[in-house]
Amino acid sequence: MEEAEVKDRPEQTIRDFPRWIAARRKFSPDSPFFSAGNLERELQAKQVSLDITEEEKLAISRLEEEESLRLRCPIAGCGAILKSLSDLESHYTVRHTATCSVCSRVFPTTRLLNLHVSERHDSFFKAKVARNYPMYECLVETCALRFRSDSQRLQHLVDKHHFPKTFRFHTKKHLSQKQRRRQKQNVYKQPQAIQQLPKAESSHTLSKGTRASVDRSDPQETENRTQTSENISEDTATMDVDVLTKAVSKLSTQDNTPSNISFGRRRNRACTLPLKSPHKMTLAKEVDKKMNDST
Amino acid sequence: MEGNFGAQHQHRPSNKSPVGNQAGQRRRQQAVQIGKERREAVVRAKRLRRGDEIQNGEFTGSHDFHMEGDVSGTRDLEEKTLKAVQGLKEAAGATGKDAPRKKIEALRQVRGLLSSNASPPLSVAVQAGVVPVLVDCLAFGSSEEQLLEAAWSLTNIASGEHDLTRAVLPALPMLISHLGDKSSVAVAEQCAWAIGNVAGEGEEMRDILLSQGVLRPLARLMTSSSPSLARTASWAMSNLIKGPSPRAASDLMKTEGMPQVLVGQMMKGDDELLVELAWVMVYLTSMSDAHSGILVSVGLLTVLVNKLATSDSSALLTPILRCLGNIVAGDNAKTDAVLTAGGDVPGGIVGALARCLDMGHRNMQKEAAWAVSNIAAGSMLHKRMVFQGGAIPSLLHLLATAAFDVRKEAAYALGNVCVAPKAKGKEVEPIVEHLTVLVDRGCIPGFLALVKSPDMEAARLGLQFLELVMRGLPGGQGPKVVEKEDGIAAMEVLQFHENDELRLMANALIDKYFGEDYGLEEEYGSDVVDMMRNSEESSEYPPWRQGGVVHG
Chain F
1 MEEAEVKDRP EQTIRDFPRW IAARRKFSPD SPFFSAGNLE RELQAKQVSL DITEEEKLAI
61 SRLEEEESLR LRCPIAGCGA ILKSLSDLES HYTVRHTATC SVCSRVFPTT RLLNLHVSER
121 HDSFFKAKVA RNYPMYECLV ETCALRFRSD SQRLQHLVDK HHFPKTFRFH TKKHLSQKQR
181 RRQKQNVYKQ PQAIQQLPKA ESSHTLSKGT RASVDRSDPQ ETENRTQTSE NISEDTATMD
241 VDVLTKAVSK LSTQDNTPSN ISFGRRRNRA CTLPLKSPHK MTLAKEVDKK MNDST
Chain X
1 MEGNFGAQHQ HRPSNKSPVG NQAGQRRRQQ AVQIGKERRE AVVRAKRLRR GDEIQNGEFT
61 GSHDFHMEGD VSGTRDLEEK TLKAVQGLKE AAGATGKDAP RKKIEALRQV RGLLSSNASP
121 PLSVAVQAGV VPVLVDCLAF GSSEEQLLEA AWSLTNIASG EHDLTRAVLP ALPMLISHLG
181 DKSSVAVAEQ CAWAIGNVAG EGEEMRDILL SQGVLRPLAR LMTSSSPSLA RTASWAMSNL
241 IKGPSPRAAS DLMKTEGMPQ VLVGQMMKGD DELLVELAWV MVYLTSMSDA HSGILVSVGL
301 LTVLVNKLAT SDSSALLTPI LRCLGNIVAG DNAKTDAVLT AGGDVPGGIV GALARCLDMG
361 HRNMQKEAAW AVSNIAAGSM LHKRMVFQGG AIPSLLHLLA TAAFDVRKEA AYALGNVCVA
421 PKAKGKEVEP IVEHLTVLVD RGCIPGFLAL VKSPDMEAAR LGLQFLELVM RGLPGGQGPK
481 VVEKEDGIAA MEVLQFHEND ELRLMANALI DKYFGEDYGL EEEYGSDVVD MMRNSEESSE
541 YPPWRQGGVV HG
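In the order they appear, the protein sequences are chains F and X.
According to the UniProt record's numbering, the first sequence is numbered sequentially starting from 1.
According to the UniProt record's numbering, the second sequence is numbered sequentially starting from 1.
Please note that the accuracy of each hint is not assured.
[As the list claims (entries may be wrong)] Incomplete in silico selection of chain F near chain X, CB under 8 Å:
#1 R25
#2 D30
#3 P32
#4 E42
#5 A45
#6 E56
#7 A59
#8 L63
#9 L88
#10 L115
#11 V117
#12 S118
[What the hints assert, rightly or not] Residues from chain F that keep clear of chain X, each with C-beta distances beyond 12 Å, as calculated:
#13 R24
#14 F27
#15 F34
#16 E40
#17 E55
#18 E89
#19 H91
#20 R105
#21 K126
#22 V129
#23 Y133
#24 L139
In short, the hints are calculated from the structure, not lab data.
Yeah, the Cβ is synthetic: ideal placement off N, Cα and C, and Gly gets one too.
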């Protein structure tokens, strides 16, 4: 079984974090650790006899340093070789800082950012997942496989691409204390419609809950508003959609009468009851329509 | 004398560089291209003799001066050299009462051309067959002047690249014999210089020299009363013993009375001689702990510690620092000895090392921090002495501001100070007192910078320190301070690192210290957290629907 295989591979899990142990470090005289000091010794000794200019000194020191650093970009899949630390820093900034405009998470490639945005901030993605489409793409660019769930994809990453079992593409967004405080404040500042819905982050009672039932805002609009206001975690955003969808769908039948009733054993002979509230019906239909359009 | 090889001085605006503003500035200002040969000539351990340098940098004894970049001048020089070698060959074969003088003239002519500029026509001379003639001129009984001129030319030939140095092989036996006590100081020195260049070529050459018996006579010269001779012989010896083979170093140490004599020489010699002797000590102390032990027992530490605390010369401080670094990389007993020796200077060894940390000299900072890190890897007493000895502020400053390689060493030192010595069979414990102080003094951003660096060793180090902080800081403060400095973001970046271990380490830390419920208990109270937990178990109803009054 694949599951068992994974467990048997000890290198995939970190049993014990390798803690800091204070140990002496010794270097042999020809170790690159000492090369800068050795170079300086020679420069000093031969400055006069070889007529070494200051510029040459700097050039040589820089060359020696570049050689000892041999910088490679460590981001998985990149492998770019850089000539200096400052080059590496610019490379990072240019190539590996794709930031999500919704939740401010940073990704090392545009592709991963796009995957993140679809998987976390897109209700249509969720809808398709709900309809059992394999939406979760393998994170490895060259692999074209897709999966029906995040955990399935993770299993694939672990099995085929040797990712660690503890790898998480969708870690919880860990906001800093400042961000969380700001988010809390924003929650109070925003219009009522949204206030009701975030996951327990606001303190609202049942009474406020009922107010939501007469809210007329289009769930799509609400979601947009949620998205543009920064500092709300993506979990809140998706939760909003979930909650809204559920809430609105519950509201579509005001009197909770099932739309299809069947009596007795002949189950296929159902009759459709007319819904009492045409307005709510429209709303529900709109939501349904939009969901259908996305497929 | 012009040293301008067409270098252009360009002024570019200084850009911010991760390695410190000044370093970045310097890098961008120079636009000189260094030829491979030129760079080699500077970097290798061989030394050309130009002449006797007088005050303003001008040389005496230089024949003609030609700029290196001057092509016609080079050709001119080469032609002259060919002629001179030819002339030498003729003069060497000549007889008659004037012959010796003419021979010296010819030798001087050749030597002048071979020391005329920074890149003399060495290969031209060798191809013209000068070496066998020079070897002949080294014959026993030759006049001092003749020996000197011949040895000088050979020295410069041996200072070139591999093939040139090898060309001098036939001269070795004679050069070695002129190291003897019957030779004049000038001749002995010149021969030692030539031998030093040959030794600087590589292991193979060193082995040949050793088998021809170079060690003892050269060692004797290191103690000469002539400062210049002692200096040159010591430099040559450092080339001979640098390894990687430990044979020469061992042979030297085994030579009777050598350790005491050398240390004695260090105590009374002038600073220039001390530099070369210190380099010999560098190689001896790095070869084996046994050597270090013997040298310590004959009083090496007194010299080292004293000079470390008082000298301002980076040329001297570099090998001294490295010696001490090598010694404290040994074991606790060695560190004890060093700390004891430090008792003679105000501030002790830690104070002296801190002085080096503050000197603004990148390489010294790095090696001093390395030495401190090795002291801090010792016993509790050692750690306490580092902590109280004034090194911490300097190390913290370096961690925040210095060049990358220096920051890494400072990190090692700071971290080592915060963990207790590993007791057998037990887990390593943090030293809470030290850790708390370091965190209060703002060391976390520095470690986070290491986590974010492309160097895997540094990233690993950073993560290990963060783990130490989060585990060791009392009252659960650790995760909070790490979070405050944006530590979570730094660790999250590592989740995309290509190295498995780093990914796992980062994940482990985030999972353990910043798991699902992190922070929420504190902010919202446990009943909300419970509610949330319940809701996450795919409840049909959103939390706000589940009832219960929540006060925020």
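Taking the hints in turn, this is what the structure says about them:
no., hint, in the structure
1, R25, "holds (7 Å)"
2, D30, "holds (6 Å)"
3, P32, "violated (10 Å)"
4, E42, "holds (6 Å)"
5, A45, "holds (6 Å)"
6, E56, "holds (6 Å)"
7, A59, "holds (5 Å)"
8, L63, "holds (7 Å)"
9, L88, "holds (5 Å)"
10, L115, "violated (12 Å)"
11, V117, "violated (16 Å)"
12, S118, "violated (18 Å)"
13, R24, "violated (5 Å)"
14, F27, "violated (8 Å)"
15, F34, "violated (7 Å)"
16, E40, "violated (6 Å)"
17, E55, "violated (4 Å)"
18, E89, "violated (5 Å)"
19, H91, "violated (9 Å)"
20, R105, "violated (8 Å)"
21, K126, "holds (14 Å)"
22, V129, "holds (14 Å)"
23, Y133, "holds (20 Å)"
24, L139, "violated (9 Å)"
Checked against the numbered hints given earlier, this structure breaks hints 3, 10, 11, 12, 13, 14, 15, 16, 17, 18, 19, 20 and 24; the rest are met.
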